[in-house]
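Asks: Going down the list, the protein sequences come from chains A and B. First residue of the first sequence? That's 25 in the working numbering, and the numbers climb one at a time after it. First residue of the second sequence? That's 7 in the working numbering, and the numbers climb one at a time after it.
Note that these hints are calculated values from the structure, not bench results. Idealized CB from N, CA, C, for every residue including glycine. Careful: at least some of the hints might be erroneous.
Stated by the list, open to error - If you want a taste of the chain A side facing chain B, the calculated C-beta under 7 Å gives, among others:
no.	residue
1	Phe165
2	Asp182
3	Gly193
4	Ala231
5	Glu283
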Amino acid sequence: MTPRSITGLGICSTIGTGREAFFRALADAPALAGAELKPVLSFDASKYSEAAVAEVADFDPARWLGDKGLRSLDRLTKLLVVAARLCAHDAGLKRDGAFVVGSPEQTGLVCSNAYGSLEAITELDRVAVLEDARYINPAKFPNTVANSASGYVSIWEDLRALNVAISNGNCGALDAVACADIYMASHRAETILVGGAEALSEALFLAFQRVGMLESGARVGEGAAIVALEDRERARARGARVWAEVVGCGAAFDAAEGEGAGVFHASKEAMARAIHEALADADVAASEVDLVISGVAGLRAFDAFELAGIARALGKGTPVCAPKRLLGETFGAGGAMGMAVAAAYLGGLPPREIVQGLPPSRVATVVVTAMGYYGNASAVVMRKSPD
Amino acid sequence: MANNERVFITGVGVVSSVGMGRAAFFDAIRTGKNGISPVTSFDATPLGRSYAGEVKDFRAADHLTAAEARRMGRCSAMSLAAARMAIVDSGIDEALLRGPRTAVVIGTTMGEADVIADLDHAWIAGGAEAVSRTLLPKYGSTLLPIHIARAYGVQGMTMTLPGACAAGNYAIGLGADIIRAGRADVVIAGSVELLQQLEFSGFVRLAAMAVSRCQPFDLNRQGLILGEGSGVVILESEAHAVRRHATAQAEVGGYGLSCDAYHITRPHPEATGSIAAMADAIRRSGLTPADVDFVNAHGTGTRANDQAEAKVMNEIFGSRRVPISSMKSTLGHCMGAASAIEAIGCVMTIETGIYPPTMGYETPDPECDLNVVANAPATGPHGVLLNNSLAFGGYNAVACFAKPGVLPHPREVAASLGARS
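The following block holds chain A by itself, in its conformation from the complex (with noise of 0.2 Å):
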């Protein structure tokens, strides 16, 4: 691929919200590391014996976007407008609200989440069955759409090129850039603003409690994670400050064997692929990678196969760090996360959450990863910025 400059950052996370809270909290990450599990505020946990959430505790929508026209939009779309204005104004095409450089119809969003409001789906259901499909309150019916939370960004930030929703589970922040590619290269857009949101709700903790995922330490999380894509020439054309480089992105698919085989299913052989041809996209040998971050989550079942993965592409020794363990396991939004964590490491912050390999003395290139559910995986590969 054509490398596309990274020129900002927007982030809502468990650990802060805006990048330079998100970076300071990755340098202080060992104290985060050993904090107490704070109770859950999204729902009412009580009913769950060691409910162990990531949760955007702070999130203050009011603070970033005012208190007009927020009541009927759900904690997805709160999460996501929020990324994605942080992401415009830390890339400088915005300023105080206001487009100063680009404009609207030059300016698109390419954005993933898993598994869309089940905040607002499961409100509607109760009201739907307890009461009547009648009193469904059609201000809210919206947020039930799965595009919706994209959609709503753009109205909010006044984005009028392409709006991408793509929903691929774990894997679709990563292939949120494959698309971006393809979309940019075609000249779509002059900016892209990419990445991935998920928010927390009882439904979606029930979900992966009910089918044991938690049993193995991995948290539920939420948050959103946005980047905005530039090419490079207009990048340092325009003087744009550029925190990392996306060079190549891969995306591979391997089918659980047999047909009496369920849905999920982890493969070590799609992971590796995917980083293979991330890094032929690239055109960057495996020898040149200091760096993995990992979707490593906590999950037993999924983890394993996804380092089993790296080692196949890259070797044993290429070290690998998790920030899922800080961040929780974000799903649509987590491959988002892992950038701008890489962004954060290419920009000189020291790797934590080492789970392979030795802490690199060096950060130039990386990869990151994300392994989806049901024998999907893909990368991306990033690099410091030549200037």
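Could you slot chain B onto chain A? The hints should help.
Replies: Just chain B, lined up with the frame of chain A:
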């Protein structure tokens, strides 16, 4: 590496309320066969609206193995069935689909809405312990392309695009782009939607639904009628299609994407985003408006949509009255599935020269001054067609389909796009 090859549709598969598969579907849409009837899958009568383009004949067991049917919800089953029909229609050796050079891109609005409803209802009635561990893994739109990829040994990219009512154009467009970018030789692309009670209720509450008839562009139109189904096409690079001596049914031209950034459910009253998307589809096909022979309308039958679409047609084509028609008058609005099913209708027109009729068109609306193909099929030039879609969230996607070989080569178009930017 981008190769900007021509991309052909070499197979089509349809699950619809008017028929399954190419032959039945083509027969139905060219005669205006009605697929709208009283809903039977749930009791809609208390809502005051009870008609839809419900697919009453679909049985997963007719199309899927027993293990496949057990693994997935109805939405996935419909898209796998449509994919299977498309693969058979393309005549492709299934061995050619195996491996990393095939990708799957599927669009939708709500995905497995039935599954989440069943889970929710169990939770409401019986608490957390009543939520089924065997049903939970069937939820998630991510699964739509996964099931298809698994069935055929596909190892390339699997993508779900929840692009609402424009999802089919999004999926076919991205699928063609994936091939032009050199990331795959074959893409199984399309979209799917099922009729579901909460979605149905929501549209009633938005006051968007007609009682029993969808009458696009008619003065007395009352709104949309929901539908369901799936449309899937096989996209192949020219080199791949030629190598296996495949029949190119249509060529995928350029497509335009834009976002209104105006309102979450209503189109922009001046249709600026939609105009931009159509202009872009024409430009990205290397054409001018004068080259377009026919437009498949989004044509939902709501006052706002049809007026906006009329503005688009008048802005793009001026005094040239390009024929336009809406299949939603017979299929209902199949939401996420709509633009893929209708893209397959465009293939029918390209092959036969027949424009499918807009049924129920009785009284022209001065606000929609259009050359509507009214109540009976028409024939006419059929080299270049546009498939229009305006969706929830302000999404606009317009795709161009053409007789193979009619369009300028994508390499020339890509060069001109690069030169302009």
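Asks: Does the nearest C-beta of chain B fall within a distance shorter than 7 Å of the C-beta of Phe165/A?
Replies: Nearest chain B Cβ about 4 Å off; hint holds.
Asks: Does the closest beta carbon of chain B sit nearer than 7 Å to the beta carbon of Glu283/A?
Replies: 4 Å, holds
Asks: Holds or violated: Ala231/A as interface residue toward chain B, Cβ cutoff 7 Å?
Replies: Holds, because the Cβ-Cβ distance from Ala231/A to chain B comes to roughly 5 Å (cut-off 7 Å).
Asks: Given Gly193/A as an interface hint, is its Cβ closer than 7 Å to any Cβ of chain B?
Replies: Status holds, d = 4 Å.
Asks: Next item in the hint list is Asp182/A. Is there a CB on chain B closer than 7 Å to its CB?
Replies: 5 Å, holds
In this structure, every one of the numbered hints holds.
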